[in-house]
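Trainee: In case you want the letters, here they are:
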Amino acid sequence: MALLSLRGISQRFGGLLAVSEVSLDVEPGSIVGVIGPNGAGKTTLFNCITGVYDPTEGEIWFDEHRVDGLRTSELARRGVARTFQNIRLFRGCTVFDNVRIAGHLHAGYGLLAALTQVPAWRRGEQRVADRTMALLDRFGLAAQRDELGTSLPYGDQRRLEMARALATEPKLLLLDEPAAGMNPTEKVELMGQIRRLRDDFDLTILLIEHDMKVVMGICERILVLDHGEPIALGTPPEVRADPAVIRAYLGE
Amino acid sequence: MAAADARPQAVHSGSIWRWLLAVTLALALAEPLVTGHTSGYAQRIIILAGINIVLAVSLNLVNGITGQFSIGHAGFMAIGAYVSAAITVFGGLALEQWAASGHLDPARPVLNLFLVGQPGLGVQLRAQVWFAFALLSGGAAAALAGVLVGLPTLRLRGDYLAIATLGFGEIVRVILLNLDVVGGASGFTGTQPFNKLPSYTNFFNTYLCAAVTVFAITALGRSTRGRALVAIRDDEVAAEAVGIDTIRFKVGAFALSAFFAGVAGGLLAHYLSVIIPTPTMFGFMRSIEIIAMVVLGGTGSTTGAVLAAIVLTVLPERLRDLDQWRMVLYAEVLIVMMLVRRQGLLGRAELTDASWRRLGEWLRGGRRGGGLKRTLGTWRDALRQRFFVVGMAPLTGWVALGLWCLPILDLLIFLPALGEMLTRALNAKPAAWLAYAGLPPRMFAADVVSALTSLVPAGLKAVPIFAALAPQIKLPLEANPGLSLAVLPLALPWAALCTRLARGDKRALLWLGGLLLLATWHALGNLAGGMHGGRVLVETVVALLALAGLATQLGARRRLPAGEEAR
Chain P
0 MALLSLRGIS
10 QRFGGLLAVS
20 EVSLDVEPGS
30 IVGVIGPNGA
40 GKTTLFNCIT
50 GVYDPTEGEI
60 WFDEHRVDGL
70 RTSELARRGV
80 ARTFQNIRLF
90 RGCTVFDNVR
100 IAGHLHAGYG
110 LLAALTQVPA
120 WRRGEQRVAD
130 RTMALLDRFG
140 LAAQRDELGT
150 SLPYGDQRRL
160 EMARALATEP
170 KLLLLDEPAA
180 GMNPTEKVEL
190 MGQIRRLRDD
200 FDLTILLIEH
210 DMKVVMGICE
220 RILVLDHGEP
230 IALGTPPEVR
240 ADPAVIRAYL
250 GE
Chain R
0 MAAADARPQA
10 VHSGSIWRWL
20 LAVTLALALA
30 EPLVTGHTSG
40 YAQRIIILAG
50 INIVLAVSLN
60 LVNGITGQFS
70 IGHAGFMAIG
80 AYVSAAITVF
90 GGLALEQWAA
100 SGHLDPARPV
110 LNLFLVGQPG
120 LGVQLRAQVW
130 FAFALLSGGA
140 AAALAGVLVG
150 LPTLRLRGDY
160 LAIATLGFGE
170 IVRVILLNLD
180 VVGGASGFTG
190 TQPFNKLPSY
200 TNFFNTYLCA
210 AVTVFAITAL
220 GRSTRGRALV
230 AIRDDEVAAE
240 AVGIDTIRFK
250 VGAFALSAFF
260 AGVAGGLLAH
270 YLSVIIPTPT
280 MFGFMRSIEI
290 IAMVVLGGTG
300 STTGAVLAAI
310 VLTVLPERLR
320 DLDQWRMVLY
330 AEVLIVMMLV
340 RRQGLLGRAE
350 LTDASWRRLG
360 EWLRGGRRGG
370 GLKRTLGTWR
380 DALRQRFFVV
390 GMAPLTGWVA
400 LGLWCLPILD
410 LLIFLPALGE
420 MLTRALNAKP
430 AAWLAYAGLP
440 PRMFAADVVS
450 ALTSLVPAGL
460 KAVPIFAALA
470 PQIKLPLEAN
480 PGLSLAVLPL
490 ALPWAALCTR
500 LARGDKRALL
510 WLGGLLLLAT
520 WHALGNLAGG
530 MHGGRVLVET
540 VVALLALAGL
550 ATQLGARRRL
560 PAGEEAR
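Chains as they are written, first to last, in numbering that gives the first Met the number 0: chain P, 0 to 251; chain R, 0 to 566.
Read the hints as simulated data drawn from the structure, not as lab findings. Here a beta-carbon is modelled for each residue, glycine too, at the ideal position from N, C-alpha and C. Treat the hints loosely; a few may be bogus.
Short derived list, chain P residues pointing at chain R, Cβ under 10 Å [what the hints assert, rightly or not]:
hint, residue
1, 71
2, 74
3, 102
4, 108
5, 123
6, 179
7, 180
8, 242
9, 244
10, 246
Some chain P residues near chain R, calculated using beta-carbon distances under 8 Å [unchecked claim]:
hint, residue
11, 11
12, 75
13, 90
14, 110
15, 114
16, 120
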């Protein structure tokens with residue numbers, strides 16, 4: 000059974016059909032890429048999956064439950080985490096707090112414990128802090144934990160966003176252009192990192208990426224969108240040879 | 000996990016309960032001192048400051064920590080005040096009657112706690128238990144209103160939320176104004192003459208409420224839920240993406256904030272013994288006052304809110320001698336604040352024991368590039384930049400200058416009044432120590448101050464336009480406290496207009512002309528003490544200029560190149 004299953008998703012904004020009849024099954028543990036020219040509807044598709052939009056047509060199934068129409072926060076609770084194309088860190092929060100905030104789902108204490116500061120609160124806070132530090136170590140950000148998240152270099156901000164997404168303990172991680180703005184060396188590093196993340200955290204990853212080298216290098220399957228329509232779905236060699244894809248990218 | 004060892008800020012070590020216990024004990028010890036050794040006037044200020052602490056700290060939860068701009072806090076306060084007052088008046092009455100009619104056994108201990116009128120030991124304690132119940136009910140009613148108002152309005156953002164909450168506050172006030180059962184427009188004083196609204200509020204219970212408020216909001220801030228609120232302020236979309244149900248959290252924060260506002264309202268009602276739904280007590284003016292406290296203290300800082308609540312309660316009282324000028328000063332404190340330190344006294348930081356250590360280090364020129372001298376240098380540079388517009392972005396520069404002129408202008412007119420107040424104060428009290436120092440009592444600071452301040456009117460007369468008005472200049476002037484704020488919205492478009500109309504020196508001259516215009520208007524308004532032919536004229540001219548300024552701004556946006564607009 001697929002972890003995430005899109006069944007005929009369409010998203011319409013007034014007269015504009017941003018995403019049209021997209022179907023996709025994402026198997027647990029796989030890395031799937033979504034590519035397409037600018038304006039193809041990739042981010043709209045992500046927004047449908049994460050509950051930012053309620054798709055006009057079609058169904059979304061996640062972990063054997065129908066999830067279209069649920070709020071983003073509810074989806075995050077069920078195990079869908081994401082990063083953003085234009086980084087969205089918590090301005091004014093330290094690196095440590097950016098990740099710690101996202102750990103709130105697994106603190107294991109309630110409002111009453113928080114207001115009375117009983118031992119359950121202390122233990123919960125310690126647990127969240129430990130997990131946060133472990134994640135920061137993992138992403139090489141432990142030394143900068145007291146700096147403002149937004150003051151980090153661009154690549155570190157992207158890594159911090161990923162650490163924050165992982166702090167929610169997701170099953171499915173959606174990465175929106177994780178390699179944007181990185182140099183070739185960083186991109187190679189990122190590819191290895193994404194693969195290791197999948198293995199270590201037991202993740203399923205769906206990613207949008209423009210860089211063909213990255214997409215072809217790490218994705219097991221690739222969905223190609225053009226003008227909101229799915230034009231190809233298959234393994235990297237299949238997609239690369241697909242005449243419709245070549246047409247969409249290079250023209251007639 | 001080597002880095003995990005040195006982790007001071009991860010979990011707070013100090014027990015907040017110990018703190019609350021210490022505060023309670025300290026309050027209990029201080030109570031007889033305060034009630035026994037201070038004047039009624041001082042006690043009044045102290046208690047009002049305590050109530051304002053509850054209000055400011057609770058509003059800071061919504062406006063500062065969660066980053067939602069609510070200006071309806073007084074509405075919740077009103078609900079709490081009226082509900083708790085109704086409970087102590089009607090509830091107390093009903094319970095007494097019920098007990099007297101034999102339905103209730105006064106010997107039963109729990110119910111007995113509520114029977115205020117029963118004679119014997121602990122009458123006061125029973126009153127306080129009854130009062131606590133009334134306060135909690137008032138808070139609960141306000142919290143319920145917070146949920147009801149919050150659910151539809153917290154989907155709005157920024158100005159829209161501000162307007163919606165403003166509307167809510169006024170609705171509450173107008174409803175109370177027309178609710179005859181609680182006195183309507185003439186206010187609620189209980190059911191005279193048998194059951195007056197009792198004065199239960201005292202130093203101890205006021206400051207206990209303040210301590211509990213600070214405690215609860217600090218504790219919340221140290222938990223995942225409090226940090227979720229900060230996340231909502233910092234980026235709502237990202238907060239939602241990490242599983243924070245933004246609507247639920249916002250409504251929750253709103254309700255908790257409203258709860259404490261309701262408690263504060265109950266305290267105020269049982270302090271004043273008369274509550275009237277006027278704008279200054281429970282309406283728009285009160286909301287603005289609370290916001291001023293939050294802004295001054297630093298939006299997001301609980302200790303800042305406490306400090307600002309005390310300052311803004313005591314300061315207007317200390318300046319009472321200045322009559323209406325104190326309101327001008329109040330406004331100016333805020334304007335200068337916005338110019339010099341937009342983030343408020345403390346910004347988002349909190350005052351803890353660690354901050355005292357840091358202060359010491361900073362004064363000694365310690366590790367973080369501090370040092371008093373260096374910081375003063377930075378401030379001087381900042382001031383220089385603000386006074387001399389060179390190098391600043393044109394519009395910001397002009398707006399900043401336009402704003403600066405107002406406090407300075409007011410200060411010119413205000414100085415003599417200040418001098419007179421100081422003279423009075425110095426002559427009245429420290430005569431003894433002056434004599435002790437071998438100085439004639441009437442000399443010294445007071446005379447220096449009055450000599451200096453008398454120079455100001457003389458200086459003003461040197462300006463032709465003031466010279467023309469010289470016969471009329473008798474400072475201190477009768478002032479209209481609203482004036483300084485009224486000039487503000489006019490000064491902004493005027494500065495904008497200046498940037499549109501000319502460049503360089505011409506712009507400066509143009510701007511100076513406008514400044515003179517405003518100044519004259521200001522002086523005329525002050526001298527006339529009311530609507531005056533000249534003032535009406537100048538006011539109209541300034542208003543027209545302001546409109547023209549706005550129009551050029553709007554026009555400029557429309558004239559953008561087509562390419563720019565498309566983006």
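Trainee: Hints first: check each against the structure and report whether it holds.
Mentor: Cross-check of the supplied hints:
no.	hint	verdict
1	71	4 Å, holds
2	74	8 Å, holds
3	102	7 Å, holds
4	108	8 Å, holds
5	123	8 Å, holds
6	179	17 Å, violated
7	180	18 Å, violated
8	242	34 Å, violated
9	244	30 Å, violated
10	246	28 Å, violated
11	11	22 Å, violated
12	75	3 Å, holds
13	90	5 Å, holds
14	110	6 Å, holds
15	114	5 Å, holds
16	120	6 Å, holds
Checked against the numbered hints listed earlier, the structure breaks hints 6, 7, 8, 9, 10 and 11; every other hint is satisfied.
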